Amino acid sequence: MALLEIRGLAAEVEGKPILRGVDLSLPEGEVHAIMGPNGSGKSTLAYVLAGREGYSVNAGSVRFDGEDLLAMDPEARAAVGLFLAFQYPVELPGVGNANFLRTALNAVRRARAEPEIDAMKFLKEARAALKRLSMSEEMLKRNVNVGFSGGEKKRNEIFQMALLRPRLAILDETDSGLDIDALKIVANGVNALRGEKFSALVITHYQRLLDHIVPDKVHVLSEGRIVRSGGPELALSLEESGYAGLVAEAAA
Amino acid sequence: MSAVAETIETVSAVTEGGYKWGFETEIETELAPKGLSEETIRLISARKNEPEWLLAWRLKAFAAWQSMTEPGWARVKHPTIDYQAIHYYAAPKKPAPRNLSEVDPELLRTYEKLGIPLSEQAALAGVEGSRVAVDAVFDSVSVATTFRETLARAGVIFCPISEAVREHPELVRRYLGSVVPTGDNFFAALNSAVFTDGSFVFVPKGVRCPMELSTYFRINARSTGQFERTLIIAEDGAYVSYLEGCTAPMRDENQLHAAVVELVALNEAEIKYSTVQNWYPGDAEGRGGIYNFVTKRGACRGRKSKISWTQVETGSAITWKYPSCILQGAESVGAFYSVALTNNFQQADTGTKMLHLGPDTKSTIVSKGISAGHSNNTYRGLVRIMPRAARARNFTQCDSLLIGDRCGAHTVPYIESRNPTARLEHEATTSKIAEDQLFYCRSRGLSEEDSVNLIVNGFCREVLKELPMEFAVEAQKLLALSLEGSVG
Amino acid sequence: MSAALRQTGENFSARYQGLAPRLPGPPDLRRRAAAWFDRHGLPDTRDESWRFTSLRPLAGIVFSRAEDQDDTAPSLLARLPPTEAPLLVFAQGRMRADLSRFPAGGQAGLSVASFANEPSFGNVPESETEPLSALNTMLAEDGARIAVAPSADAGTLVLLHLASGHAEHPPAFHPRHQIRLGAGARLTLIEIALGTSVYLHNPLTEVVLAEQAELLHLRLQDESAAAFHLASLHVALGPGSAYESVALVRGARIARSELTAAIVGEGARFALHAAQILGGEQLADITTVVRHLAPGASSRQSIRNVLTERAHGVFQGRIAVDRIAQKTDGYQMNKALLLSEEAQINSKPELEIFADDVKCSHGATVGALDPNQLFYLQSRGVPKAEARAILVAAFLGETLEAIPHSWGRSVLEGAVQSWWKDRPL
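Chains as they are written, first to last, in our numbering: chain A, 1 to 252; chain B, 1 to 488; chain C, 1 to 425.
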């Protein structure tokens, strides 16, 4: 069985149907890309998987490693190894980044019955991760995302991912608003984790990110459904012909 | 330092929840008969072997009090207080100890349980740098004061005020009532008439107090009020940091606490006064709890003197308290940092007064109010610039956070300027914990309650960082405990 | 309260007793208002909402019913720049048809009447709970009744309050105005108060906006420097309606402008931009209470004070958010410039909030002109007095520049400019 099994998932926001039956299977160790035009339901899918309130699931199921993901609280999903890199990371005034991360890391470790890590060990790991990501240690002292530039916020998400070591990362348009250097840092962060025990769902509007994170599979989401799946070449052909053709095809 | 993480760990470890300081100490107590009259005051004065001048001072305050009425402007509601149904004096029966080894072991156990070591050995066993001298006030009397010799060597006087009246009458007489006059307000007049104990601190010229000083107030006896009086004097160039903590047993009656604190800072002196107020707040239905009516005021008399008030207010059924600064000396500085958290049916009306009299005076006000449950939380503050306060500056920031939709958050600032060269800025906001902040924390693995605590602690950070380290950790734990049951 | 001030209040009560049988309209509310006023009298500084504004200068003055003084209305009228808009003129609180220009038939949906002919007290709860409103309710004899039919765009109407006072026998008048806009109706109302000598002007204005109605309300208070202006304005906002007001206060010895807004309709918008420019011994007080009683509404208040000589400015503003008023967006800002040693400001911006999903903020600043900015201007060759004027104009600019009505803007800007002329800074 795949790590993530989405079957017939339908969801609505404020009474408006957004997802209309998504089927997707992501085997452990693979990286899949989800592409699609604006309003196709990409971010909704990310939020439904992470458990945000206000998104009601009307039909379908989501299994994570065989467990019913939809029955879990957001924190329980984090504990089993799901990580959402937010499209718009949230600011937490007065909450230091280091405190936040260590608190989160230990909460997740507790839930997994792993020993908590002490401040010294945490700092060591955090510094190492920052170095790998070519990020400044200053990051640890600042409040979570407060006063960060758009690019810094996105890199902070990747930094959190590197520390929390999820089994499944969902990157929700992490590439939007990034210059090419920042994009490379983000891609390196994801690629460094790739392996048998790491899977990712890379949600993006553009091909650009997929030059750096080469996916095993590409799915095209349109009007709340996966309308096409294929290899990395699908992303390239989309880049050339745009979504219009595909969308028309799906409607036909 | 990951104090937040520690807070959350501690809170998870607390299994009993609720107010954990609510136990009662079984100890024989001498009580004055209920009620307030000249006789009561004469009895208190006699019990304390006071000089004639102090008795006269008390009686004058009593006369003033009788002609006054309770102030009605604060946003608090309570049934009429029967001032004749209160014992104005309650003291453990054992004779007063001359040194720590004579203190009733039952009392020592009480303070152990509250986390306040009264044995100097125990305190010394801790880290050298974090020594704190403690004056423990149990109901109406001070039961122990630690580290007195160490302090005496530095020239610092730290003792119960009743002792200071006997040992240092000239100092007490000069300063007592000089910042908060006997007839200042209803509750201050009441306190002046019946005050029983409290701490006295005198830091002579040029001395930097070698350790933090602390008073721990405990109400234990039933149907009593606590009326302590604290007086702190810092002479030219002196420095002292003083901490105050308070708890009381859980009872279904309301008990009255009406304290007065006076601070005097002379030229270039600095006094830091920190409070963690955790009187019993009443139960989830609003039964019981302390009525906390407190007058705290500091006079920056000297040039470049500095007084700062930092408070974390989580307890009491009603809090009515406005720690203030009178900025007389040129270039003197006043500060007020406050966190007030109300839950269930608590009511807090708290803030400050900054009176700018001298030129180039500065004040800073940072107030963080958190309301949950059915509580009401009001910031009330006055900034007044008098005509001679040229180039005075004030900055005020008041933020309120609402948790749930049955509570209220109110902000009532008074801003008055009579000098064109003064500059005042005031900002206030009210908001709730944002859904997206909660979700962000939860998606990183924190429970909803931990997420709220984290966000609340972040909200209060500017204030908490003003507290000495030990108190900051204590305060964070308190905030988390006080919020229990407010989410979900 | 001083005995003399109490006496001034009792004189009003006595006047009511004498006039009662002859006063227009239903007597019950008047009687209750009079009973309330009898018990409370004129407010003193022990009342929390009057702590900064003392009415002591009224003490000992016996105000008479307005009738005996010389009529200066035509000369006051001549002070205004010409306008084509319809004009309703009141002198000493009474409608003057001879000086008014009533709306032409073409101004669809706009109807105008007088309180004297069609008395109605409307729905103002403060009539029985607040001193200025009670005083008005007790003694109102005339006033404007302005109505705009549903969906009509009624253009502009000018409402003029002219006052001829008297130094020894100052008159007092208490006009009661009512402005009602039907669903989707629109109106620009420009109110101007001018006067000479000593008098007490105690108007009460009720504004009721039905669903989606929009009122732009421009106000200039330029009463005689010896007069007393004690006004209350009560605005009720229906769903989706919009009330926007720009007000300039520069006249009167003592001025108190109370404004209460009841936002009872979802999504309504309330905005007040006010400036007080004061000198001499003037005391001017703007006191507002904005009640959010419905969800999704916004309120904006921005107050500027320019104070010189011995002037005293007061702003008290309360935003009260009811438990049901979720998604409220409330904002309030009071700024003061003190231009002299003896000027003073009292500011009390209040938030009272019972709903949790709201965004409310207020701010206040007090200070003098920035010496760096002054120096910068001077170093570029601008004389000091002019530099000060430029900076003060910039301070007030935000309030006035935004007025979306050219005649109204010119009246308010003209009032600011003429204020400068008399005051070498």
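Keep in mind the hints are simulated off the structure, nothing from the lab. Since this is a predicted model, take the numbers as computed values, not measurements. Take the hints with a grain of salt, since some may be wrong.
What the hints assert, rightly or not - The calculated SDA-like cross-link candidates involving lysine to any residue, where the alpha carbons are at most 20 Å apart (straight line), are:
1) Lys60/B to Tyr83/B
2) Lys384/C to Asn372/C
3) Lys327/C to Tyr83/B
4) Lys362/B to Glu244/C
Hint check results:
| no. | hint | in the structure |
| --- | --- | --- |
| 1 | Lys60/B to Tyr83/B | holds, 18 Å |
| 2 | Lys384/C to Asn372/C | holds, 12 Å |
| 3 | Lys327/C to Tyr83/B | violated, 45 Å |
| 4 | Lys362/B to Glu244/C | violated, 38 Å |
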